[in-house]
Structures are given as C-alpha cells and as structure tokens.
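Asks: Numbering follows my numbering, in which position 25 of the sequence shown is assigned residue number 25; successive positions increment by one, without gaps.
Hints listed in this document are in silico derivations from the structure and should not be mistaken for laboratory results.
Think of the CB as a built atom: it goes at the ideal place given N, C-alpha and C, for glycine as much as any other residue.
Hints are not guaranteed to be accurate.
Simulated DEER-style distance windows between Cβ atoms [claimed, not checked]: (1) Y92 to P67: 21 to 29 Å; (2) T94 to D51: 32 to 40 Å; (3) I77 to I4: 20 to 28 Å; (4) A6 to G99: 18 to 26 Å; (5) E97 to I4: 43 to 51 Å; (6) G48 to G108: 43 to 51 Å; (7) Q96 to V65: 45 to 53 Å; (8) G108 to A6: 38 to 46 Å; (9) G10 to Q70: 17 to 25 Å; (10) G82 to I4: 46 to 54 Å; (11) L21 to Y64: 52 to 60 Å.
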Amino acid sequence: MEVIMAIVCGILFTAATYLMLSKSLLRIIIGTGLLSHGAHLLILTMGGLKDGAAPLLGEKAKLYVDPLPQALILTAIVISFGVTAFMLVLAYRTYQELGTDDMDKMRGTDSHE
C-alpha cells in the first residue's frame, strides 16, 4: 500500500509543479493546493499505514496507531485551506483591478509582442 501512496504522491507533486509553472494565476493556486495535498499524503505515508486502535489509555498498547502524523496533517489542512482562501481572494481582487490573470500581463511584459 505504501508503494501506491508513493506513486500517488509523485503524481500529485508532478501535476502541482506543472500547474505552478503556468502563466495563469488560477492554475498557480490550484497547483499549490495539489502540492499541499501531496505533502499531506506523504506525511501520512511516512507515518506508516497500519491497522490499529485509537490511542486510548488502558487498552491493547501494542495495537495503537501513532496519532502524531494525523494531528500534523489535520493542522496542515486547516492552514492550507486558509492560505488557499486568501490566495483566491487576492486573485479575485487582482482580476478586478487589472482585468487579467495572466502573470506576464500583470508584470507588464507581454510576451506576444
């Protein structure tokens, strides 16, 4: 199962890199979202994919699952949601002001000329 998760993480990182290198601001935002999802899956995979009980005191200490990767991922999901929402608001405001989401046109260096 770890091999499949590693392949999925690689696909997410590849797609995120491709989208983040594009000229469209919306594609860059989607790429950062995919990158964060790939990082979440990587942390979960590195924590170990195993069956076990919830880490409660007093029961079957051998079958516990480590809660630290899950806590880190939960925190990272909340932070990435906030950052993505902030970037979407900035992109919307930029589109209202400039009328484009093309990064070259925002810089003032139009590559079509």
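Asks: Are the hints correct? Go through all of them and say.
Replies: Results of checking the hints against the structure:
Between Y92 and P67 the Cβ separation comes to about 37 Å, which falls outside the hinted range of 21 to 29 Å. Checked against the hint of 32 to 40 Å, the C-beta distance between T94 and D51 comes to roughly 47 Å, which is inconsistent with it. Taking 20 to 28 Å as the suggested C-beta distance range, the pair I77 and I4 conforms, at roughly 21 Å. Our hint of 18 to 26 Å for A6 and G99 is violated, since their Cβ atoms are close to 43 Å apart.
A beta carbon spacing of about 44 Å between E97 and I4 agrees with the range 43 to 51 Å that was offered as a hint. Between G48 and G108, the C-beta spacing of about 50 Å keeps the proposed range 43 to 51 Å intact. Separated by about 47 Å at the C-beta atoms, Q96 and V65 satisfy the suggested range of 45 to 53 Å. For G108 and A6, the hinted distance range of 38 to 46 Å is satisfied, since their beta carbons lie about 42 Å from each other.
In this structure the hint that G10 and Q70 lie 17 to 25 Å apart at CB holds, the actual value being about 22 Å. Distance hint check for G82 and I4: the Cβ-Cβ separation is about 30 Å, which falls outside the suggested range of 46 to 54 Å. Take L21 and Y64: their Cβ atoms lie about 42 Å apart, and the range 52 to 60 Å is violated.
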